[in-house]
Amino acid sequence: MRIVIIGAGNAGQQLAKRLCEERHSVVMVDVSADALAGAEATLDILTICGSGANPATLEEAQLDRSDLLIAVTDNDETNILACLLAHSVGVSKKVARVTDPEYLNRSSHYNLQEMGIDLVINQKQECAREVFNMLQMPGALEAFDLFAGKVMVAGFSINSRSPLLDRTPAECDRLDLIQNVRLIAIRRKNTLVVPHGDTVFRKNDLVYLVGMKDDITAFSDWICSDIKPFEKVIIAGGGDLGLMLAKFIETEFECVLLEQNEERARLCSSELNKTLVLRADALTETALEESGLHDRTAFVALTGDDEGNIMNCLMAQKKGASFTATQITRTDFVDVVEQLYLVNRVVSPYISTTNAILHYLRSQKVQAASLLHNLPGELLDVIITSKSKTAGKKIQEIKMPKSSIIATILRDNEVLTATGDVKLTLEDRVLIFCHPSAVKKIQSLFL
Amino acid sequence: MNKRMVFHLVSYMTLVIGVAMLACAGIAVLYNEPLNIRMSFVYSGGIAIVFALVMNFLTRCEINLSRRDGFGIVTLGWLFATVFGSLPYILSGVIPHPVSACFETMSGFTTTGASVLSNLESIPHSIHFWRALTHWFGGMGVLVLCVAILPFLGVGGMQIYRAEMPGPSKDRLTPRITTTAKLLWGVYALLTLLETLLLHFVGKMNWFDSLCHTFGTMATGGFSTRSASVGAFDSGVIDAIIIVFMFLAGVNFSLHYYALTGKPGRYFKDPEFRFYFFFLGAASLFLTFNIWSHGAGTLGRCFRDATFTATSIMTTTGFCTADFDKWPDASRLLLVLMMFIGGCAGSTGGGMKVVRIFIMFKKTVRELRLFMRPSAVFQIKLGGKSVGQEIISHISAFVAIFILIFAVGSFVMTFFTPDIVTATTSVVATLGNIGPGLNAVGASQNFAAIPVAGQGILILFMLLGRLELYTVLILFLPGFWKK
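Quick mapping for you: the protein sequence lines, in order, are chains H and X. Residue numbers 44 to 490, in this note's numbering, belong to the letters of the first sequence in order. Residue numbers 16 to 498, in this note's numbering, belong to the letters of the second sequence in order.
Because the hints were derived from the structure by calculation, they are not lab data. Incorrect hints may have been included.
Between beta-carbon pairs, the in silico distance windows are [stated by the list, open to error]: (1) X:Ile164 - H:Lys483: 44 to 54 Å; (2) H:Arg373 - X:Asn79: 15 to 25 Å; (3) H:Arg108 - X:Gly399: 16 to 26 Å; (4) X:Leu68 - H:Arg108: 39 to 49 Å; (5) X:Gly399 - H:Gly159: 28 to 38 Å.
No more than 27 Å apart at the CA atoms, straight line, and that leaves these computed lysine-lysine pairs for DSSO-like [as the list claims (entries may be wrong)]: (6) X:Lys377 - X:Lys396; (7) H:Lys437 - H:Lys256; (8) H:Lys136 - H:Lys483; (9) H:Lys60 - X:Lys197; (10) H:Lys60 - X:Lys377; (11) H:Lys466 - H:Lys432; (12) H:Lys275 - H:Lys246; (13) H:Lys275 - H:Lys256; (14) X:Lys18 - H:Lys232; (15) H:Lys60 - H:Lys484; (16) X:Lys278 - X:Lys197; (17) H:Lys483 - X:Lys197; (18) X:Lys400 - X:Lys278; (19) H:Lys232 - X:Lys497; (20) H:Lys432 - H:Lys484; (21) X:Lys18 - X:Lys497; (22) X:Lys197 - H:Lys484; (23) H:Lys136 - H:Lys484.
From a predicted model like this one, the values you see are computed outputs, not experimental measurements. In this text, a Cβ means the ideal position worked out from N, Cα and C, and glycines have one as well.
From just these sequences and the hints, can you work out the full model?
Shown next as structure tokens:
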């Protein structure tokens, strides 16, 4: 497939990387020659310097010969215009990232989908939903649900107090909890380990599990017994993301929103019902005291300033916050912050955008695909049809590619554990975890 | 630089060379050559293949190339190819001295065409074929071929492509570098096929000579199967065919690709092509009248020889139909100056490349205008697009280094040559990958008279010229080898 990506930011580069790994032809367009030079140094792509809203630039990118346009610049207008231009030259699929709510509101006369944009991604909304999930299961590094909430995927890190440390799954105290979930992957020092029965959990491993929601929650309570559940959430920064998160959570938690700009604070206050909006600089001790921070509080820093966010979380921890999360937009910071355990969780908005786009790309044949933040891998959700080579075979008979594993199977709305003697039948939905390089093989096996 | 990874990739290149040498054994069998000739190719191919497989096995690892590794792979790859490629000459006894054999091989791979062999008619067919084949592989680049056919290189392919392809800016025809490399090799193979057929059916050459001369032409190499080069055939038709294809080989191959995909207008829209075309035309006319006025024959004959020689020298091929060393000094000097210019960027030609000269010319004009109006801003444009400051300083440095190497090299070569003209032209003929120079290394002479030490130095110049200086020179920086 020939793909044009407009915007060489985090989302654009992350997407280009994934798509290159799957051997697509990728052309990247951006106004900044520096950003393009950076992208070209690490990716096998053609770069064109110019605005994505400029027809001449897009012509140079041979948009008319392309199958897909992905517009992920910071500028909504550029993204929308690029998609409209692509629509007029007959590109079959168009994806745009649009953040301004004014463009997203639909009316009878105006609708981005009808104007030819197949997928509109609201990055802020995707990201707010992610933080919301995170707050609901604070023990997991990341958690999301699939199969309409029946199955949950969660990642946990093994610290020095973990009951799993230096043991194999069979040696653990609570075998009843372990047997109900399926271990799909471990990240150990930036490498992916596909676990076996005799894999020993080590310190700083990131362990990924799939299972029914209740089983995962029970597992989480056991493995992360040191994180206390919290009652209150303090959000620093009343931007689009902060405001949206407050809207999501104000019904479940006691919520405080800190915003420095008076006008913005007024706007937040008018949009929210139960949240307490404070006009204050979150980076001051007085503001943190005024917000009533105590030891059963989660602190989420969502301003646009990465360094400020990290500092803010550290201050909140010192004041006794039991859980801190920060938004980080500069990808270079993410590893440092995570590996020094400065904060409990890091939120990177571009991941949710990448996720949503990949999900869309696979959606014709694969039901869903999800990226994991901390793992070089994807979860594919496929339905067994009569064309599948694997239909009617037992799991142990299927030659799975390296670094891939069948996570779970959904049959007649029942979740089955994927043991070797389960026979795949028609209409089964199979959840597979795999390395990006194995996606094509998996598709040829199951589709 | 990750040495393990570099040697792993070099092993693939060695494998390609090994297989090619085995193929030459087939030619030896076909022409019923003596057993020692046949076995020299079998042994050489076998040694290269076994070595490549062992090295490949010992260094297997995950491929993730950085820019630096690209330079290492290309330079080391060329050195390995030269050492292994020289084995048939040594084992068959055609060129017994290893340094001279390496000179012949490097001259082949870098498409220089400078030879240490005399009396070419007495040399077996299989050796001729191997000489021509080294040209053909080196023309578009063995590693670019590897990029085209090895699927696992991914991003790393770009690092290799960047280090091996000539020209200041590396165009991509398509988003994926493997597709670009495949297309370029495709165009190259297509033109090769076309020329072979034309030489055989229209030029009435036999199949073997057509193929060998086509390899020499398309790669802008210059190895011939005859001592008198193309002049031995004495056919206007053959001269015309070779002129056209030498000219095409000196053009950016991207333009050929666009022409083949239905955009022939791109040729004359390209400022480099226009400069190349008109400069070559003007030089041919000047040479014609200059040698005609000195009584070198009829006007038609002069035109034929002048055009052939101008094209052969400017595209850095080095085929000869006339001994241009006997021409007037104005013509000889013009030819030497054309050696410096060379072919277009992205072609198989050598030299400094037309586009660099063109941009340096524009820069000179800009500097002069800036003296007149110090506060004015002049952007250097090429085909309506302004050229980045970085590229201009890159080109300035390139030209300076080229001249510096030429100067120092000429000085060193005076120790090995009878006169200054031979010394300087032997350097420019190897650094620019042309082949023949003047006087003792002139059109009717060869490099056999140069002592072995001098040949060793010229081997380095050929490599420097083919890989456009930076790729090789960077290896001499102490920081390059550190992690």
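(request) Sort out which numbered hints this structure fails and list those numbers smallest first. (result) As far as the earlier hints go, 1, 10 and 12 are violated by this structure, in ascending order.
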